[in-house]
Each structure stands twice: as structure tokens, then as C-alpha cells.
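J.: Sequence:
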Amino acid sequence: HLRMERHCQNGRIIADYLRNHAKIGKVYWPGFSDHPNHAIARKQMRDFGGML
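Here our numbering runs 16 ahead of the position in the sequence shown, where the first position is 1.
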């Protein structure tokens, strides 16, 4: 349980970092409210994971 929490937390940190990086054009992560599947991810998952 703790391992998955850390996985999600790290994914969020990395996604935010990359989204604000000058050399990165787009980050696809379902935790962002503008992600096309954000609403589905909110319904199906407790958190958004670390897959970017």
C-alpha cells in the first residue's frame, strides 16, 4: 500500500516538473485536469499513478 502511494506521489512530482520544463512540449498524465481521460481516471482510480 505504501509503495503504491509513493509511486503515485513520485509520478505527480515528475509530471509537474516536466510540464513546467522549457524543453518539454507535452506531458500526458491522467492526473492533469486537461488530460482527455481525466474524468474516467478519477472514477476508476484512487490516484493517477506514475506512468507518464
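Calculated directly from the structure, the hints in this document are not laboratory data. Bear in mind that the values here come from a model prediction, so they are computed numbers and not experimental data. Note that beta-carbon positions come from the ideal geometry of N, C-alpha and C, so glycine has one too. Please note that a few of the clues may not be correct.
Claimed, not checked - What follows is a list of derived Cβ distance ranges for each label pair:
(1) K39 <-> M67: 27 to 37 Å
(2) Q60 <-> A38: 15 to 25 Å
(3) A57 <-> R22: 16 to 26 Å
(4) S49 <-> H23: 15 to 25 Å
(5) A57 <-> H17: 30 to 40 Å
(6) A38 <-> L18: 33 to 43 Å
(7) D32 <-> R62: 14 to 24 Å
J.: Against each hint, give a clear statement of whether it holds in the structure.
T.: Hints versus structure:
Between K39 and M67 the beta carbons are some 21 Å apart, a value that contradicts the proposed interval 27 to 37 Å. Distance hint check for Q60 and A38: the Cβ-Cβ separation is about 33 Å, which falls outside the suggested range of 15 to 25 Å. Under the hint 16 to 26 Å, the C-beta atoms of A57 and R22, about 19 Å apart, fit the expected range. At about 21 Å, the beta-carbon gap between S49 and H23 stays in the expected band of 15 to 25 Å.
Our hint of 30 to 40 Å for A57 and H17 is violated, since their Cβ atoms are close to 20 Å apart. The beta-carbon spacing between A38 and L18, approximately 34 Å, falls within the hinted interval of 33 to 43 Å. For the pair D32 and R62, the beta carbons lie near 19 Å from each other, so the given range of 14 to 24 Å is met.
The structure shown violates the earlier hints numbered 1, 2, 5.
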